[in-house]
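Protein chains: 2
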Amino acid sequence: MADTWKALAAEKKNRQKEAIPQQWLIDAPGDEVLDVTGVPEACGLLSELEVEITNTGVGVLLERLARGVWSSVAVTTAFYKRAIVAQQVTNCLTEIFVDQALARAAELDEHLKSTGKIVGPMHGLPISLKDQISMKGLETTMGYTSWIGKYAERNAVLVDILLRAGAVPFVRTNIPQTLMWGETLNHIFGRTVNPFNRALTSGGSSGGEGALIALKGSPLGVGSDIGGSIRIPSGFCGLYGLRPSYGRVPYAGAANSMEGQDSIHSVLGPMSASVSGVRVFMQAVAAGAPWRYDPLAVRQKWDERAYGLEEHGGGGRMCFGIMWDDGVVVPHPPITRGLEITRKALVAAGHEVIDWQPLKHAEIEVAVAGIWNAGCGQDFRNATAATGEPIISSMLPSAPEGVPAEEDHPGSSAWELWQLQRQKRDLRQAYLDHWEKTKSDTHTGRPVDAIIAPIAPYAAPPHGMNRYTAYTSVWNGLDYPAMTFPVSSVDPAIDSTRPAHSFLGKHDESNYKLYDPKTFENAPVGLQLVGRTLEEEAVIGMTEVVDAAIKKFLGAEGTLPDLKPRM
Amino acid sequence: MADTWKALAAEKKNRQKEAIPQQWLIDAPGDEVLDVTGVPEACGLLSELEVEITNTGVGVLLERLARGVWSSVAVTTAFYKRAIVAQQVTNCLTEIFVDQALARAAELDEHLKSTGKIVGPMHGLPISLKDQISMKGLETTMGYTSWIGKYAERNAVLVDILLRAGAVPFVRTNIPQTLMWGETLNHIFGRTVNPFNRALTSGGSSGGEGALIALKGSPLGVGSDIGGSIRIPSGFCGLYGLRPSYGRVPYAGAANSMEGQDSIHSVLGPMSASVSGVRVFMQAVAAGAPWRYDPLAVRQKWDERAYGLEEHGGGGRMCFGIMWDDGVVVPHPPITRGLEITRKALVAAGHEVIDWQPLKHAEIEVAVAGIWNAGCGQDFRNATAATGEPIISSMLPSAPEGVPAEEDHPGSSAWELWQLQRQKRDLRQAYLDHWEKTKSDTHTGRPVDAIIAPIAPYAAPPHGMNRYTAYTSVWNGLDYPAMTFPVSSVDPAIDSTRPAHSFLGKHDESNYKLYDPKTFENAPVGLQLVGRTLEEEAVIGMTEVVDAAIKKFLGAEGTLPDLKPRM
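The listed protein sequences derive, respectively, from chains Z and X.
Mapping of the first sequence onto full-length UniProt numbering: residues 1 to 567, in sequence order.
Mapping of the second sequence onto full-length UniProt numbering: residues 1 to 567, in sequence order.
Hints listed in this document are in silico derivations from the structure and should not be mistaken for laboratory results.
A portion of the hints provided could be inaccurate.
Which copy is meant is left open, because identical chains are indistinguishable; a pair holds if it fits in one copy or across any two.
Said to hold, decoys possible - Heads up, simulated DSBU-like pairs for lysine-lysine below, C-alpha to C-alpha not over 35 Å straight-line: (1) Lys-518 x Lys-439; (2) Lys-150 x Lys-439; (3) Lys-439 x Lys-117; (4) Lys-437 x Lys-150.
Working from the sequences, and respecting the hints, build out all of it.
In structure tokens form, the structure reads like this:
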């Protein structure tokens with residue numbers, strides 16, 4: 001039995017290697033090289049034009065593809081080569097299908113040439129997909145050895161919508177076993193590492209996307225987020241990533257864990273190194289009328305007036321609430337510095353900024369975890385039982401192989417689950433009332449327009465150490481949309497250790513002790529902007545305002561985030 | 001213990017009686033009088049003007065209230081008197097609070113007089129509320145003796161929105177114990193009967209609303225619907241009733257059974273004898289921005305273009321699918337006649353009509369029931385345990401007192417519940433695909449615009465006999481909005497028994513045997529129009545089209561439904 005799963009994993013991993021064109025293999029740096037962000041451009045595989053293409057933001061890429069300045073084959077080839085480089089230095093991919101993607105790109109080029117028209121708003125754009133987002137004819141293993149050989153009979157609904165929009169799905173990306181970890185490791189594909197510092201995690205569960213996009217091996221990717229799985233890797237890898245409200249992006253036809261869990265849902269959403277990528281994706285998906293294909297998709301078109309911040313003073317003076325900590329764990333110095341940069345940038349741009357008082361975040365976390373734990377143990381056992389693959393009990397590099405999941409999560413009765421769900425509802429009510437009441441704290445005549453909060457109490461931590469995910473999961477519990485944006489990166493010269501404070505509890509104390517500037521060196525510092533349920537357009541619009549304010553304040557230029565500016 | 005709950009019930013029932021102004025007591029007809037629809041106008045309690053007011057549809061009422069032609073005190077008094085008559089002949093009320101309602105009406109009159117402006121779109125309109133919809137300072141018993149003395153500390157969110165819109169909540173209405181029956185009977189308030197034939201049920205669980213509104217004791221009421229509880233009493237009592245999609249009408253702050261059950265939700269919605277009542281209610285609620293007060297309310301404004309049938313050919317030629325049966329139980333002759341009237345009326349109005357093929361309705365019913373049964377037993381036991389009140393095991397008049405609920409619904413594990421929820425999701429996917437595919441069956445270039453279906457396989461049956469609710473619960477399982485409309489009523493002279501057909505199963509056979517024209521005499525015949533998730537505006541717009549076509553076809557006139565026309 002033990003041999004079964006190991007042999008299966010080795011065979012699949014070998015097939016993955018064989019899918020890589022030999023001429024795209026590089027002389028990869030040794031493990032002692034931690035920062036590999038320069039490798040794609042230094043390794044010599046990409047031409048000067050391919051470097052230019054892959055350094056271009058989504059908005060400009062689409063404009064050049066639509067005008068035929070760059071063909072989809074040229075753009076797809078450029079990103080594919082860079083993705084394969086990314087794979088060799090961070091282990092970020094699962095399914096690789098070069099010929100299929102290039103054939104699709106060629107069709108789009110031919111269409112544009114013969115008709116003079118683009119197929120849709122994403123014409124010719126390569127897009128990467130988290131492994132669970134099934135594509136007809138390809139395997140969907142989700143990192144489970146028992147799922148090897150499961151070839152999808154149809155596309156996920158989202159894939160069909162992206163295809164109709166003209167996109168070119170071109171790689172699938174790595175995830176953790178069970179999808180329920182904030183890092184990326186499984187028995188088939190192994191571990192994905194952070195390109196800014198390979199001793200650190202790229203985050204998870206969409207950690208393959210995080211590493212890939214950070215290396216500009218994809219202009220736009222799709223992740224999923226049930227407790228932070230889009231935002232954690234986006235934050236740890238310096239990206240823009242949106243966790244939409246439930247139902248805004250169709251999930252139908254994608255694989256998932258804990259299927260049938262109807263209370264705190266996983267959602268799909270975009271990740272990109274360019275702020276325009278998030279908007280383009282959400283517009284294209286809404287234009288594809290997902291509610292016609294996915295019964296759980298909300299009937300809600302893209303609302304241009306909401307994006308224009310109609311309900312937020314038309315984008316004029318807004319009031320942001322900054323959450324310095326969640327009342328449970330105080331963030332490390334680089335995160336606090338990121339919040340301070342953002343505060344100053346917003347004030348400089350003429351906005352009001354007040355402190356956000358977190359409400360019952362610890363209680364929300366208890367309800368969220370309780371709901372998942374009600375049945376997840378059985379789910380994980382079922383997915384691994386066929387091959388005897390152990391359930392990964394820790395993401396630590398030295399962790400022992402699986403402990404019995406039964407002991408971790410014995411599960412609960414349906415009635416007990418309902419009580420947890422009722423508690424969650426009551427907490428959502430309390431948080432909504434709390435937010436509405438901030439109207440009396442602002443000078444805009446409105447409640448706080450958005451919350452700006454850490455994504456985690458740390459920048460990307462060492463492997464196995466991403467253990468406190470309540471900074472993201474709280475918004476899943478509340479079903480609030482949240483979008484990440486990069487602010488800075490860890491600089492040991494300025495992000496010194498602070499003197500110990502009066503600890504809020506044991507999580508806070510262990511988090512304090514985790515910090516050491518040298519360990520986190522070069523890790524990106526990102527934050528998230530949090531809005532109200534089903535307010536995706538406004539969240540994107542406000543994040544663009546915040547992003548522009550930060551760039552202006554720091555004096556940065558260009559469409560892609562430059563993580564180097566410090567203050 | 002046995003005495004405890006009986007004494008509590010008697011004391012509460014006595015307080016209810018004392019809340020009725022003595023001068024509003026009538027000389028009520030004896031039990032042998034089955035049709036009591038003529039009593040309100042014949043009993044002499046209402047003045048000529050009060051009869052006129054209470055016979056007026058919601059649209060015209062609001063217009064006259066806004067112009068001050070009729071004061072809110074006059075309108076509220078008229079409906080209150082008629083409601084108290086309804087109570088005396090059908091037992092439809094729970095909470096009675098005359099002074100409070102009239103004081104509110106007087107305030108509104110004063111406001112209009114002093115400012116010349118109405119408070120909101122429902123200015124001065126009396127509105128009845130199902131018992132569970134809490135109002136500050138009033139008891140919410142839900143028919144449980146253990147809840148006697150539970151005085152609400154705040155209004156349900158919906159009540160606040162209705163108050164801001166200018167409405168006058170004036171009575172609360174009867175429900176069945178547990179809310180999970182399609183009839184209306186509990187140990188405190190007893191049984192509500194059908195005013196068209198008191199040997200028949202008014203339906204449930206919003207059966208108090210059904211009887212009250214049918215007697216024009218309220219122009220507009222609010223019910224709730226988890227498996228048909230708005231549509232069944234609307235159908236059995238000849239009313240328009242809308243089961244909105246989940247989240248469209250705020251539920252926060254209302255009492256409920258099975259709280260925390262997050263999969264097939266109860267929803268609130270309007271019931272009215274006038275077709276305009278449903279639209280007015282939905283417009284006013286959306287205008288009240290419920291998402292600012294209820295975290296589970298969908299952020300979706302009233303969409304006037306959708307109401308104008310923008311996505312349904314602009315209200316021009318549409319294609320309706322008629323579901324003659326659900327593949328499990330064949331409806332009785334009056335229901336089939338109602339479908340046939342509707343078909344002919346729509347064809348006469350220039351629309352296309354095709355047969356709707358039901359898909360897996362039996363499987364959907366199994367999933368729906370399984371999800372509720374996963375935890376409902378425990379819920380019911382908890383609500384009744386404190387006083388020893390027996391759980392009602394049958395709505396039959398001669399039924400023995402409660403059987404142990406443990407045996408009925410032992411409950412299941414959270415993981416088993418997730419599997420049922422997963423099945424339900426897959427069935428929703430299949431139904432959506434099925435509906436989309438009808439595009440190839442129509443001549444409109446669109447899939448079928450709406451389904452027209454029975455509400456039950458019978459008109460209002462004798463007490464205890466409403467045992468097959470899958471004609472309504474199927475749309476709850478799918479979360480499709482559905483609006484009822486009256487078509488005709490049972491006429492023994494034309495609704496003869498049909499020869500036995502080849503039965504689809506045991507439910508079908510027992511349903512066939514239940515029919516006897518004399519038993520169902522005078523019961524209203526209604527149908528439901530079913531649309532797509534979150535398409536409330538279009539469902540209302542299409543129902544208005546269907547309703548007008550039927551009225552034209554039958555030669556009926558007037559704003560309130562006349563149930564007499566036959567064909």
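Intra- versus inter-subunit Cα pairing at 35 Å for Lys-150 with Lys-439: between (52 Å within a copy, 32 Å between copies)
Same-copy or cross-copy closeness of Lys-518 to Lys-439 [CA-CA at most 35 Å]: Neither: 42 Å inside a copy, 63 Å across copies.
Same-copy or cross-copy closeness of Lys-437 to Lys-150 [CA-CA at most 35 Å]: between (51 Å within a copy, 28 Å between copies)
Within, between, both or neither: Lys-439, Lys-117 at alpha-carbon 35 Å: Result: close only across copies, 27 Å inter versus 48 Å intra.
Violated hint: 1 only; the structure is consistent with all others.
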